[in-house]
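Asker: Spelled out from the first residue to the last, the chains are:
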Amino acid sequence: MNRQSQYMITVKDMVKKFGQFTANDHLTFNVKRGEIFGFLGANGAGKTTAMRILCGLSSPTSGEIYVAGYNVYRETEKIKRSIGYMSQKFSLYEDLTVKENFRFYGGIYGLKRRKIRERTGYLLDKLNFSHAMNQKISDIPLGWKQKLAFSIAIMHEPRIVFLDEPTSGVDPITRRQFWEMIYETASQEVTVFVTTHYMDEAEYCSRVSIMDRGKIKALDTPANLKQTYRVANMNEVFVQIAR
Amino acid sequence: MPAVTVDQLRKSYQDTVALKKESFRVEPGELFGVIGPDGAGKTTLFRILTTLLVPDQGQARVEGFDVVKDYRQIRHITGYMPGEFSLYMDLTVAENLRFFATIFDTTIEENYHLIRDIYQQIEPFKHRLARNLSGGMKQKLALSCALIHKPRVLILDEPTTGVDAVSRKEFWEMLIQLKKQDITILVSTPYMDEAGLCDRVALIQQGSIMKIDSPARILEDFPRKLWAARSNQPYKLLQDLREYIDLASVYPFGDSIHITHKRDEMDKQQLEDFLQQRGHPDIEVAPARPTIEDCFMDLMNQGT
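Listed in order, the protein sequences are those of chains A and B.
Taking the numbering used here, the leading residue of the first sequence gets 950, the next gets one more, and so forth.
Taking the numbering used here, the leading residue of the second sequence gets -6, the next gets one more, and so forth.
Pulled out of the complex, with its shape left as it was, chain B reads as follows:
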């Protein structure tokens, strides 16, 4: 039995369609990423799966339980970390954790092994009020509280949004550790570079899932040969590349500009000559490996 089944799920708010009849499955023990920008439908999807919203059409099941009929059971077996910090600011670290354990009719001691690695980092501050914690500590407390009843499915809505690159890395290391405890994890993020850490990802945009697969397979499916161009004048290079005929895409990517050609074979020499004439004596054009972000943009363009 899949851990999560989503079948033709649709949800709209007045005139805005947040989810357009989407279907997918998540296997037990998977680390499944839902990747897309704000407004893509990630939170709506997670709120339906956590029984906080009722879909307009379609069905969803978590561990075999229906999100509408069996909401009570689902609430017992899922852990949820919403996008906004939702713990009690006027309780201490330890009180928050005890509160959530009590609600689920368990104790901190019973499941301490699950949260030990995460909770130990904030335990020195366990008598501090939640409101006085730093962003990173709040995040660790929220994750501990979502785990304290030993959920079978953990649903994390944008846990790393607005978080710096180092804390993001640490957070993903925690998730990879948790995966070893046989917990199915669904996590959403707007950061495309986090896709590589998931077993499978759904790329989502404007209520539609554009693609679901393992990160490696998504990269393999990138339809054209990708090149990276570099010069000392990146902004000028971008403008000059836009004027070169037959390029299918031109996008800045860190210190280079990623381009694809409409035909399978691009004449690299011809492009370099063109750019040298345009005043880029140091131009460098080399084959590049696509990233999930290249794939995401390509799928966005296919959709329009």
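Extracted from the complex, chain A is given alone in its bound form:
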């Protein structure tokens, strides 16, 4: 695949089996550069399995899959360096300060000390959170933690960022501020791959795929999906497909 291609993720016939169980059953989809791609599905539909493969953490059973132009079988280390990842569960070190978390993750991503300083300053400035640089994460409200975790996930300027239920449990105002950060990131040509259980958030995506029992059952823009299923919102689309 051409590394400058319009697609940041290409997945063709992806299969992942655990023994007799097929978690991903011939998934085929592409994600465009700068797109906000919503990856929805019922619990146990196979989303996490697929996401782990795309992040280079697990190998598929078969299929042809490229992430940021890299092969998921052979180039997992390159993939890991090209992507950012955040989830509600795996985020920041509570006993480190804000600044220390940036320094730690910057080091993991292999950034030079100067670059870490530069990116930390820039991202905290944009969040209007520079004043709290030396506070411990454990003393910071959840909403802020989520925004900081997102900033850290993009600190090494990845081409794709994977967000696994990033807004779970945060208050409705913070949840919206978080989506503004996503919009802004996508407007800078970063591809955003996101899962959520909030169906109003599915409306904010450029395109949405809906998985059920290992298969992709629908994939389109929210507007087209609503039209196809003749319903008023994404919640009803989801319920029709996954019930």
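There's no promise every hint is true.
Just the calculated beta-carbon pair ranges, DEER-fashion [unchecked claim]: (1) 1057/A with 79/B: 28 to 36 Å; (2) 114/B with 966/A: 20 to 28 Å; (3) 1057/A with 81/B: 31 to 39 Å; (4) 1106/A with 69/B: 54 to 62 Å; (5) 1045/A with 99/B: 27 to 35 Å; (6) 1008/A with 84/B: 42 to 50 Å; (7) 1059/A with 235/B: 34 to 42 Å.
Calculated from the structure, these hints are not laboratory results.
Glycine included, C-beta positions come from ideal geometry on N, C-alpha and C.
Dock chain B against chain A, hints included.
Answerer: Using the frame of chain A, we list chain B on its own:
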């Protein structure tokens, strides 16, 4: 007698105040929702009501029993489903259920009618270990175990968090069925759209209850006229709306952006003209009905 009475209840952990002198009542047979984000104080409140935590100040009663003095009685008459799955992973489905029935000195047979609709869905897997159940099945087992001693009050801490939209819907259908059996239900959730299924809800944020009422009354109390704006460029529309003077609030809401105006009457034409000039030829502005989430955000803003 109310099923639950909470009077000036306060609880803090070191420097963090989890509940700030809150008071409310839940009537018998009510389906009462406690709605708010993580860290609002929902779990603290439920742990006090289930006698697992002692409040710093204030009083709480469940079916007339004091949560501190009469904790033994309360444990007999309440069913509790904590936020984390807390059944025995190394027991089977049937063993877990029997265990809880035995602890409460009853049998599965005696109260089977209460759990039948829920338990039947997992009964085909009754010899499976709890650890091998899917999320949805675990949830049904946990609810069955919380019900097996025929509690008068059922307390469910975030039963639908992290659960997909379809399973959430099914879970609420189960609760509505249970309500018919004269069980008082207290349920907490971070999902605002679930409020509409409750008889009354408490909207809670940072240890304070901002409002308690029926969902319909909360919606009626929304203080301003709400509008929804739509265009093909939602992110740009959001930024442009922020620059329009006299808007009191601007929030993305699914495929539209909800706005309120500082004055009672907003000149819709003027706003549309402004947005067309900003490059939204397809702009659409129409009156909208507020949701509980609109109300929640409005109350949050009033608080700050």
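Asker: Regarding residue 114/B and residue 966/A, is the given constraint of 20 to 28 Å on their beta-carbon distance met?
Answerer: holds, 27 Å
Asker: 28 to 36 Å was suggested as the range; check whether the CB atoms of residue 1057/A and residue 79/B agree with it.
Answerer: Hint holds: Cβ distance 34 Å, inside 28 to 36 Å.
Asker: Taking 34 to 42 Å as the hint, is the beta-carbon distance of residue 1059/A and residue 235/B inside that range?
Answerer: holds, 37 Å
Asker: 31 to 39 Å was suggested as the range; check whether the CB atoms of residue 1057/A and residue 81/B agree with it.
Answerer: holds, 38 Å
Asker: Does the Cβ-Cβ separation between residue 1045/A and residue 99/B fall within 27 to 35 Å?
Answerer: violated, 50 Å
Asker: Taking 54 to 62 Å as the stated bounds, is the beta-carbon spacing between residue 1106/A and residue 69/B within them?
Answerer: holds, 59 Å
Asker: Determine whether the Cβ-Cβ distance between residue 1008/A and residue 84/B falls within the hinted range of 42 to 50 Å.
Answerer: violated, 34 Å
In summary, the numbered hints that this structure violates are 5 and 6.
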